[in-house]
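A.B. asks: Could you build the full structure based on these sequences and the hints that come with them?
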Amino acid sequence: MKLIPALTYILRATSYGLLTAVVLLILVPDLREGNNLSFNIFKPKEDKVKPFSFSTAVARAAPAVVNIYSETIETHRRYQNRAIQRVKLGSGVIMDTRGYILTNYHVVKNADLITVVLQNSTELSAELIGSDELTDLAVLKVHANNLPVIPVDGNLLPLVGDVVLAIGNPLNLGQTITQGIISATGRSGLGNTSYRQFLQMDAAINDGNSGGALVNSNGDLVGITTAKFNRIDPQMNIQGIFFAVPYELAAKVMIELISDGRVVRGWLGVSSQQYNPQLKGFVIGDITKGSPADVAGLLKNDVVYKINDKEIASINNALDIVAETDPGVILNFSIYRQNQPMTIPVKIVEYK
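Numbering (the working numbering), first residue to last: 20 to 371.
Simulated from the structure, these hints should not be mistaken for laboratory data. Bear in mind the structure is a predicted one, so any value in this text is a computation, not a measurement. Be aware that a few hints might be false.
Have a look at the derived ranges for each label pair, beta carbon to beta carbon [unchecked claim]:
hint	residue 1	residue 2	range
1	Asp279	Val314	41 to 47 Å
2	Pro346	Val168	42 to 48 Å
3	Asn320	Phe71	53 to 59 Å
4	Val182	Gln297	30 to 36 Å
5	Gly193	Asn327	26 to 32 Å
6	Ser236	Asp305	40 to 46 Å
7	Leu298	Glu146	48 to 54 Å
8	Glu369	Ser144	30 to 36 Å
Cβ coordinates follow ideal geometry from the N, Cα and C atoms, glycine included.
C.D. replies: As structure tokens, this is what we get:
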């Protein structure tokens, strides 16, 4: 008689086990598929890691980057005075809804006809508003509605090591994106403009990219792509060195060009010597004869430490102040001459 309760207990336990197994098969599909499981069978399945991509940044910025075709009609005697049409290829960036476009000066220089092509294939005739050879920038204007505008961040500070994307139309292949990092940062002032003041990066730039957008990983405008290093010295075989005009400088130039059609810069006419970096200011080196500095009486070896009571950190700082001063304005230069402090007024003239 004791056998019956024992069998009942065994059958009850077996039933509970089978019921538990059925529940587990329902709750854990991998058990039904025969997959090898660790003891953590209730651990949630991890999502697949998404590929790292800049597609969001490209989607924000790319529609505002346009293709530019500038045509020049030339007449040559050797061809019996026949007109020869030359076409230059470049890129541009739509800066606002009014239709203003930033591009490179060399792309539209001496152009008789400028055509802008949007990324939806719309062709627009463009007007040259103004150009600045020193920064290699030009402003065009087109007339159209609902233009895509490049995203900008007024507080953006480009840093060495930032990832950047160059957007343009290299070799007329269609819009192309190249990626790199900022290798060196330049300045944003208008004084003494040269490639040393531009952003240096290694995102590839080829013919047709000139005037395109350099954006960060958020799609915000960082600069206007402008040149390859080997264009500066064609004899040098240099790879991976490319330049862009910083956005802050490009924006200043654009405002001037829209307002006046050209950039008016003040001029001083001095160079600087090496100076102790721990001290503020700069030491005047050579002075151009007949320049404002020469006329005012500044001398070689004078130490300039203030302009209009504003402390000067370097020669570049001083030249930016001068460049952004209207011609005819008098600036007071605080200097040391043979350790004696003095102030010399200098009347600024236009740089030509």
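A.B. asks: Each hint should be assessed against the structure and marked as holding or not.
C.D. replies: Structure-based check of each hint:
1. Asp279 / Val314: 41 to 47 Å: Cβ of Asp279 to Cβ of Val314: about 26 Å, so the range 41 to 47 Å is violated.
2. Pro346 / Val168: 42 to 48 Å: Once the Cβ atoms are compared, 34 Å apart, the range 42 to 48 Å for Val168 and Pro346 is violated.
3. Asn320 / Phe71: 53 to 59 Å: Check passed, 56 Å falls within 53 to 59 Å.
4. Val182 / Gln297: 30 to 36 Å: Holds: the Cβ-Cβ distance is about 35 Å, inside 30 to 36 Å.
5. Gly193 / Asn327: 26 to 32 Å: 51 Å, violated
6. Ser236 / Asp305: 40 to 46 Å: Given range 40 to 46 Å: holds, Cβ gap about 44 Å.
7. Leu298 / Glu146: 48 to 54 Å: 50 Å, holds
8. Glu369 / Ser144: 30 to 36 Å: 33 Å, holds
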